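Line by line, the protein sequences are chains G and S.
Just so we're aligned, residue 1 is where the first sequence starts under the working numbering, counting upward by one.
Just so we're aligned, residue 1 is where the second sequence starts under the working numbering, counting upward by one.
Bear in mind the hints are in silico, worked out from the structure with no lab data behind them.
Model, not experiment: these values are computed from the prediction.
Ideal Cβ positions, reconstructed from N, Cα and C, are used throughout, including at glycine.
Treat the hints with caution; some may be incorrect.
Here are some of the chain S residues that sit facing chain G, going by a computed Cβ distance under 8 Å [claimed, not checked]:
1) Tyr269
2) Ser366
3) Leu368
4) Asp370
5) Leu393
6) Glu397
Across the chosen pairs, the derived CB separations fall in these ranges [claimed, not checked]:
7) Ser33(S) x Gln6(G): 44 to 54 Å
8) Asp90(G) x Pro334(S): 21 to 31 Å
9) Gly223(S) x Arg3(G): 20 to 30 Å
10) Glu402(S) x Glu41(G): 32 to 42 Å
11) Leu436(S) x Asp90(G): 47 to 57 Å
12) Arg3(G) x Ser33(S): 53 to 63 Å
13) Thr44(G) x Leu109(S): 31 to 41 Å
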Amino acid sequence: MTRSFQVSLYRAAHGRTGDKGNRSNISVIAWHPALWDTLVEQLTEDAVARQFAHRRPSKVTRHLLPQLRSMNFVLDEVLDGGVNDSLNLDSHGKALSFLLMDMPIHVTPELAVHLVGSDTAD
Amino acid sequence: MNTDPILRVGCAAGFSGDRTDAALPVVKALVASGGPAVLIFETLAERTLALAQLARRSDPEAGYEPLLDELLRPVLGLCLQHGVRIVSNFGAANPTGAARAIAALATQLGLRMPRIAVVGGDDLSGVSQRPLLASAIGSEVHALKIVSANAYLGAEAIADALLAGAEIVVCGRVADPSLTVGPALAHFGWARDDWDRLARATMAGHLLECGTQVSGGYYADPGYKDIPGLANLGYPIAEIDADGDCVITKPPGTGGRIDEHTVKEQLLYEVHDPAAYLTPDVVADISQATVQQLGADRVQLRGVRGHARPASLKVNVCHENGWLAEGEISYAGPRAEARARLAAGVLRERLHGLGPLRVDLIGVSSVLADDAGRSLAAQEAGSARDVRLRVALNHPERRAAERLGREVTALYTCGPAGGGGVRTALRPRLGTVSCLVPREHIADGFRFIDPDREGATA
Numbered sequence: 001m002t003r004s005f006q007v008s009l010y011r012a013a014h015g016r017t018g019d020k021g022n023r024s025n026i027s028v029i030a031w032h033p034a035l036w037d038t039l040v041e042q043l044t045e046d047a048v049a050r051q052f053a054h055r056r057p058s059k060v061t062r063h064l065l066p067q068l069r070s071m072n073f074v075l076d077e078v079l080d081g082g083v084n085d086s087l088n089l090d091s092h093g094k095a096l097s098f099l100l101m102d103m104p105i106h107v108t109p110e111l112a113v114h115l116v117g118s119d120t121a122d
Numbered sequence: 001m002n003t004d005p006i007l008r009v010g011c012a013a014g015f016s017g018d019r020t021d022a023a024l025p026v027v028k029a030l031v032a033s034g035g036p037a038v039l040i041f042e043t044l045a046e047r048t049l050a051l052a053q054l055a056r057r058s059d060p061e062a063g064y065e066p067l068l069d070e071l072l073r074p075v076l077g078l079c080l081q082h083g084v085r086i087v088s089n090f091g092a093a094n095p096t097g098a099a100r101a102i103a104a105l106a107t108q109l110g111l112r113m114p115r116i117a118v119v120g121g122d123d124l125s126g127v128s129q130r131p132l133l134a135s136a137i138g139s140e141v142h143a144l145k146i147v148s149a150n151a152y153l154g155a156e157a158i159a160d161a162l163l164a165g166a167e168i169v170v171c172g173r174v175a176d177p178s179l180t181v182g183p184a185l186a187h188f189g190w191a192r193d194d195w196d197r198l199a200r201a202t203m204a205g206h207l208l209e210c211g212t213q214v215s216g217g218y219y220a221d222p223g224y225k226d227i228p229g230l231a232n233l234g235y236p237i238a239e240i241d242a243d244g245d246c247v248i249t250k251p252p253g254t255g256g257r258i259d260e261h262t263v264k265e266q267l268l269y270e271v272h273d274p275a276a277y278l279t280p281d282v283v284a285d286i287s288q289a290t291v292q293q294l295g296a297d298r299v300q301l302r303g304v305r306g307h308a309r310p311a312s313l314k315v316n317v318c319h320e321n322g323w324l325a326e327g328e329i330s331y332a333g334p335r336a337e338a339r340a341r342l343a344a345g346v347l348r349e350r351l352h353g354l355g356p357l358r359v360d361l362i363g364v365s366s367v368l369a370d371d372a373g374r375s376l377a378a379q380e381a382g383s384a385r386d387v388r389l390r391v392a393l394n395h396p397e398r399r400a401a402e403r404l405g406r407e408v409t410a411l412y413t414c415g416p417a418g419g420g421g422v423r424t425a426l427r428p429r430l431g432t433v434s435c436l437v438p439r440e441h442i443a444d445g446f447r448f449i450d451p452d453r454e455g456a457t458a
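Excised from the complex, chain G in its bound form (with noise of 0.2 Å):
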């Protein structure tokens, strides 16, 4: 077993947010097949959750697509009411995948040529 180390979600994969009401969606998509795996196993519905905690989702439901290496996430009641009810000035939610994208992962080093960018860039 190698030993891995801890990434930023970002390097490994991106993604953008949608909304619709009082619901977000984040995709995430991987930057390479080879980092598909890691990221079932590591992003799962309740690590999604924890790292969206003081948003207070009341559920997180993970959609898989496998082909195209990405995932959809479905955050219920994360925006405080959404466009009609939150008093944040992105009331919309738009800068949410860039919490999801912050969230830390472990990979293998011999996934680390698979990776974007570099940590000390952020």
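Knowing the structure of chain G, use the given hints to seat chain S on it.
For chain S alone, coordinates are given in the frame of chain G:
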């Protein structure tokens, strides 16, 4: 009716407020292709229609896309000359008014008069529609001060208008992908229950409907996702084949990039269950879809499947929803964060009892945080040297909401040292209630506009 295997659909706007110089390169590329082509503008977000209804209340001739003239003027002549048809929801709350404005623009530019069709049936804001809304929402609908109520129409009326010879189709609320499905349905003559093909065209429309979000816009992240030419992005064109599969591309010589990653981000944008993307036309299923780069700025989408369309149409009801009050003030230099936090405490005390107050320390913690302040409370006070304090609250009464602005302004003399740059804003809020209405209750259809006969208040 047409044997050309490819229909090109170019999109020159992804929302009301998009760049208005987008269309010309798209139309030039469509013309250069030589084949059948349609130009679409998507200009209606969820709440744009309510704002348009408010505009129409104060001016019966208003209520359509305010930038209609800027969007169309550069390309109307070229489109008419080369048979590029135009389909858009820029009619908003007043499609007939938009059609008249287009006719007037054609006259002003010395062009021949285009055949303009208006799609209607989406507007359910009239008093006569109230029982229908009550049956869908419940009796609480009678307590709402309704600003707008619109059903999301599908592609059929658009297709029918095009088949009847319309050169320009002006819609109010239609589902965004239907702007693309309508032209495809008319061009290829698909059966209206050919769910697989309708679903493929729907996802082509989905990739187009946010403009440059598929071609590098809203994607760039320096060092990670570098995109050339963000100041001159190319708007997307879908090349749709007879099976509904598509290749997404953009005009030559424009900025941006289309690759598998930009397409995947937009493919999943605002999708919930990828196996059931609901539209009025079809339930699209992208769970088996694939994207493949065919060349520079050319990506193919395949493998989309479709299931029978929903029996009901989604209706959005927008209503008056009190007031949003906001105020900001900046602190900079030594102990800026401490002074901003002190000011926040003062405002909490002064506005106590008025309603939940949101506090942002812009530069320390803002848009990722929650309204209740859990996130900010959990964060230790730091030593940021450039902080903009923002406070916000909702209140049903205007007079009460106005207090927030006054208290923020009073920080000039009563608050911590060195606060500057106060800005306050007070805005009416709109609430939205969504419901489902059986489609047989919605009478959608199109009619042609005769610019010589239309009365000014038709």
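Now the hints, each set against the structure:
1. Interface hint status for Tyr269(S): upheld, as the beta-carbon distance to the closest one in chain G is roughly 5 Å, under 8 Å.
2. The closest approach between the C-beta of Ser366(S) and any C-beta of chain G is roughly 6 Å, which is under the 8 Å cut-off, so the hint is satisfied.
3. Given hint, Leu368(S) at the interface with chain G, holds; its Cβ is 5 Å from that chain's nearest Cβ, closer than 8 Å.
4. Using the Cβ-Cβ criterion of 8 Å, the hint placing Asp370(S) at the interface with chain G is satisfied: the shortest such distance is roughly 5 Å.
5. Given the 8 Å rule on beta carbons, the hint for Leu393(S) holds: about 7 Å separates it from the nearest Cβ of chain G.
6. Violation of the interface hint for Glu397(S) is found here, the shortest Cβ-Cβ separation to chain G being roughly 16 Å, above the 8 Å cut-off.
7. Distance hint check: the CB atoms of Ser33(S) and Gln6(G) are about 49 Å apart, consistent with the given range 44 to 54 Å.
8. Judged by the Cβ atoms, the range 21 to 31 Å given for Asp90(G) and Pro334(S) holds: they are separated by roughly 29 Å.
9. Taken as a hint, the range 20 to 30 Å holds for the pair Gly223(S) and Arg3(G), whose Cβ atoms sit roughly 27 Å apart.
10. The given range of 32 to 42 Å is broken by Glu402(S) and Glu41(G), whose C-beta atoms sit roughly 53 Å from each other.
11. Leu436(S) and Asp90(G) have their C-beta atoms about 29 Å apart, which leaves the hinted 47 to 57 Å range violated.
12. Against the hinted window of 53 to 63 Å, the Cβ-Cβ separation of Arg3(G) and Ser33(S) comes to about 55 Å, which satisfies the hint.
13. As the Cβ distance of Thr44(G) to Leu109(S) is approximately 58 Å, the hint placing it in 31 to 41 Å is violated.
Violated hints, in rising order: 6, 10, 11, 13; the structure is consistent with all others.
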